[in-house]
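Chains as they are written, first to last, in the numbering used here: chain A, 10 to 355; chain B, 5 to 335.
It is possible that some hints are incorrect.
Stated by the list, open to error - Listed next, the in silico DMTMM-like pairs over lysine to aspartate or glutamate satisfying Cα-Cα at most 20 Å (straight line):
hint, chain 1, residue 1, chain 2, residue 2
1, A, Lys47, A, Glu125
2, A, Lys86, A, Glu118
3, B, Lys246, A, Asp206
4, B, Lys246, A, Asp138
5, A, Lys23, A, Asp105
6, B, Lys227, B, Glu240
7, B, Lys227, A, Asp138
8, B, Lys196, B, Glu180
9, B, Lys227, A, Glu71
10, B, Lys227, A, Asp206
11, A, Lys23, A, Glu97
12, B, Lys227, B, Asp325
13, B, Lys227, A, Glu207
14, A, Lys86, A, Glu97
15, A, Lys86, A, Glu96
16, B, Lys227, A, Glu125
17, A, Lys47, A, Asp176
It is worth saying that the hints were derived from the structure and are not from the lab.
Since the structure is predicted, the reported quantities are computational estimates derived from the model, not experimental observations.
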Amino acid sequence: MNAPAPLLSVRNLKVQFALDEGVVRAVEGVSFDVYPGKVFGIVGESGCGKSVAMKAVLRLIEAPGRIVAGEILWRRKPQGGPGSTQEEVVDVTRLDPNGSVMRGLRGAEMALIPQEPMAAFSPVHTIGDQIVEAIRLHQAVSPREGRRLAVELFKSVGMPMPEQRLDAYSWQLSGGLRQRAIIAMALSCNPRLLIADEPTTAVDVTTQAQVLRLLRQLQQERDAAIIFITHDLGVIAQVAHDVLVMYLGLVMEQGPVNAIFHAPKHPYTQALLRSIPTVQSTPREPLPTISGSIPHPFNRPRGCPFHPRCPQSMPGRCDAATPELQAVGPDQSVSCFLYQTAEAKA
Amino acid sequence: MLRFIVQRLLLLPVLLFVFSVVVFILIQAPPGDFLDSYLATLASSGSSVDEAQVVALRQQFGLDEPVHIQYLRWMEHILQGNLGLSLEYQRPNIELIGERLVLTVLLALFSFVFTWAVAIPAGIFSATHPHSGVDYIFTVLNYIGVATPNFMLALILMWVAYSALGLSVTGLFSPEFIDAPWGWARFVDLLKHIWLPMIILGVAGTARLTRVMRANLLDEMTKPYVVTARAKGLSEWRLVLKYPVRLALNPLVSTIGWYLPQLFSGSLIVATVMNLPNIGPLLLRALTSQDMYLAGSILFIYCFLTIVGTLISDILLALLDPRIRMEGAKA
Ligand SMILES: Nc1ncnc2c1ncn2[C@@H]1O[C@H](COP(=O)(O)OP(=O)(O)OP(=O)(O)O)[C@@H](O)[C@H]1O
Ligand SMILES: [Mg+2]
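Make the full structure from the sequences, and use the hints.
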């Protein structure tokens with residue numbers, strides 16, 4: 010079997026923020042692969058480092074934040090003209106974040122749907138201005154042609170009255186329409202990877218369903234890869250092919266969506282799954298929640314970061330060392346001492 | 005937008021009427037009138053005037069009439085455009101004020117341009133390089149700029165210009181041009197003199213504006229739309245100038261209108277020290293001698309400029325910020 014090469018390969022990524030009060034270890038060694046044409050879901054509670062990891066991929070981390078370790082390998086579009094198929098792998102962490110190579114990737118090959126749709130557009134520039142700008146940055150087209158492409162984009166994301174909406178300001182649109190406008194802008198240059206940072210959190214349930222349908226449809230039409238970030242496992246189940254579960258900047262478990270939902274291994278994943286309401290759950294019964302709360306980023310627990318809240322924590326082991334990520338099935342891996350193989354224990 | 009401007013323009017006469025009443029009450033408020041202080045000056049220099057002459061003068065100046073008649077007379081002069089007669093100088097106020105007003109406005113314009121031309125780039129640089137060496141240097145300069153009284157700065161710079169460059173920098177004209185009619189040569193002479201008062205009057209404002217611009221821009225730089233723009237692949241300079249700078253400028257634009265009246269009043273000491281023929285010293289003189297029509301007319305113009313300045317700021321703000329423009333259109 011000839012496995013396709015990953016589009017994006019993140020290896021042992023670490024990002025830290027050096028604040029006056031101390032160092033925030035937002036991402037503490039995360040590795041994953043994203044394949045073309047697949048939806049890669051990342052779940053985790055608020056503050057576990059999902060957005061920071063994605064900003065690192067786009068090299069958008071601002072001071073005092075810094076990528077302190079790891080590689081982010083990106084397979085570039087063929088560079089040598091129309092006939093060429095020679096794909097080149099670049100390590101994004103070695104690029105100048107504001108240099109021309111990185112700027113050529115951002116927006117053109119990897120695009121972001123940011124977390125805050127409310128403030129993602131400048132309130133004093135029209136939406137059209139901002140979208141046409143994105144188009145013309147990476148494609149040599151006239152302003153007229155840019156505008157025509159923008160109208161096309163708006164149609165493709167199902168924006169009613171696209172012409173008028175281009176001349177509107179972001180605060181004149183409803184939340185759902187604004188989300189569509191942002192998606193349109195992210196798609197403007199046919200990126201190979203779309204990073205959607207909680208695209209459905211800020212909108213109501215109906216809009217959420219529309220946005221999900223839209224993203225799935227676009228992904229199938231354009232064969233792009235999507236990294237889909239959310240803390241809603243229900244949404245992940247609907248869209249993702251593969252899932253990564255994060256906790257305090259570390260990967261807890263990773264695998265195909267079926268394995269994660271039907272055979273979760275890590276106690277954290279199991280706890281997350283128990284806390285989703287289902288049709289079967291008894292009405293008015295409190296949902297099981299994960300005991301305790303997320304530790305403050307300044308005092309990360311020693312060892313496995315989840316052990317203070319873990320029902321199966323093994324004293325002397327989980328609080329002493331951090332478990333390595335380890336394969337527990339085809340494509341599924343988990344970082345937990347419960348599944349350490351005999352030779353790893355020895 | 006047009007409606008908004010028309011609304012404001014219609015409000016103008018109403019505001020001016022209210023201000024004229026307030027101004028008139030204020031200049032009438034001090035005890036005594038022009039003649040009393042005139043007589044006091046005469047008495048202190050040893051001469052005296054007899055009672056009959058005083059009554060005659062009072063009648064001639066209209067000072068014996070009821071207050072509301074005096075007000076109406078003054079209004080009549082204002083509407084005629086000559087602003088009444090100065091009691092002290094016995095000349096139409098418009099002649100006394102005219103050129104000084106032009107020079108004051110010119111000086112205000114020059115130091116305004118100086119302030120913005122220096123403060124905005126400096127503020128942008130500081131905000132895009134926070135805690136860098138240059139940022140710290142700007143910060144220190146700003147504190148010095150805010151803390152130095154401008155008359156002291158005037159004295160220091162005049163001394164430096166005189167001792168190092170051999171320039172005599174008081175006034176706004178060389179002696180041969182002081183009473184010359186306006187023309188190209190006189191204007192060039194003005195330019196040769198105006199730079200120093202421009203800097204002196206502009207320094208404190210520049211320092212303050214730099215700080216405000218830095219703070220506003222730092223604030224805007226953390227907004228999500230900046231991340232969105234970066235994520236598009238926009239280069240950093242284009243991005244900063246197009247988005248956050250534009251938003252950081254909005255609140256500053258609304259302060260443009262205060263600039264003129266501020267300079268009007270704030271420059272008095274500097275104008276005295278530097279012997280500038282602007283309106284500050286004239287107003288002071290008019291107030292001390294209770295030359296009420298002259299003082300009143302100056303204050304009235306002052307109010308007028310404040311209103312016009314505010315109107316200009318509002319229009320600029322509406323042009324820059326669609327949120328305000330559309331709000332106005334709805335109203
Ligand atoms: N600019 C910053 N300065 C300091 N700390 C930061 C900064 N940005 C993020 N962090 C820290 O990094 C950690 C991870 O933040 P991140 O935004 O990635 O969380 P998240 O998983 O996206 O959460 P959410 O679901 O709320 O979006 C948090 O502890 C946060 O406090
Ligand atoms: Mg986030």
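We went through each hint and held it up to the structure:
1. Proposed proximity of lysine 47 of chain A and glutamate 125 of chain A is contradicted: the alpha carbons are some 24 Å apart, above 20 Å.
2. Only pairs whose Cα atoms come within 20 Å are accepted, and lysine 86 of chain A paired with glutamate 118 of chain A is accepted, the gap being roughly 8 Å.
3. Distance restraint check for lysine 246 of chain B and aspartate 206 of chain A: the Cα-Cα separation of roughly 25 Å exceeds the 20 Å cut-off, and the hinted pair is therefore not satisfied.
4. Taking the CA atoms of lysine 246 of chain B and aspartate 138 of chain A, the gap is about 11 Å. The hint holds against a cut of 20 Å.
5. At roughly 18 Å between alpha-carbon atoms, lysine 23 of chain A and aspartate 105 of chain A fall within 20 Å of each other, so this suggested pair holds.
6. The suggested pairing of lysine 227 of chain B with glutamate 240 of chain B holds, with an alpha-carbon distance near 15 Å, which does not exceed 20 Å.
7. The straight-line distance between the Cα atoms of lysine 227 of chain B and aspartate 138 of chain A is roughly 18 Å, inside the 20 Å bound, and the hint therefore holds.
8. Simply put, lysine 196 of chain B and glutamate 180 of chain B have alpha-carbon atoms about 14 Å apart, close enough for the 20 Å limit, and the pair holds.
9. Among the hinted pairs, lysine 227 of chain B with glutamate 71 of chain A is consistent with the structure: their alpha-carbon atoms are about 12 Å apart, no more than 20 Å.
10. Straight-line distance between C-alpha atoms of lysine 227 of chain B and aspartate 206 of chain A comes to about 16 Å, which keeps the hinted pair within the 20 Å bound.
11. The hinted pair formed by lysine 23 of chain A and glutamate 97 of chain A fails the criterion: a straight-line CA distance of about 24 Å is larger than 20 Å.
12. For the suggested pair lysine 227 of chain B and aspartate 325 of chain B, the alpha carbons sit about 17 Å apart, so the restraint of at most 20 Å is met.
13. The suggested pairing of lysine 227 of chain B with glutamate 207 of chain A holds, with an alpha-carbon distance near 18 Å, which does not exceed 20 Å.
14. Pair hint lysine 86 of chain A plus glutamate 97 of chain A holds up; C-alpha atoms about 7 Å apart against a cutoff of 20 Å.
15. For the hint linking lysine 86 of chain A to glutamate 96 of chain A, the alpha-carbon distance of about 6 Å falls within 20 Å, and the restraint holds.
16. Under the criterion of a C-alpha separation no larger than 20 Å, the hint pairing lysine 227 of chain B with glutamate 125 of chain A is consistent with the structure, at around 10 Å.
17. Proposed proximity of lysine 47 of chain A and aspartate 176 of chain A is contradicted: the alpha carbons are some 34 Å apart, above 20 Å.
Checked against the numbered hints above, the structure breaks hints 1, 3, 11, 17 and satisfies the rest.
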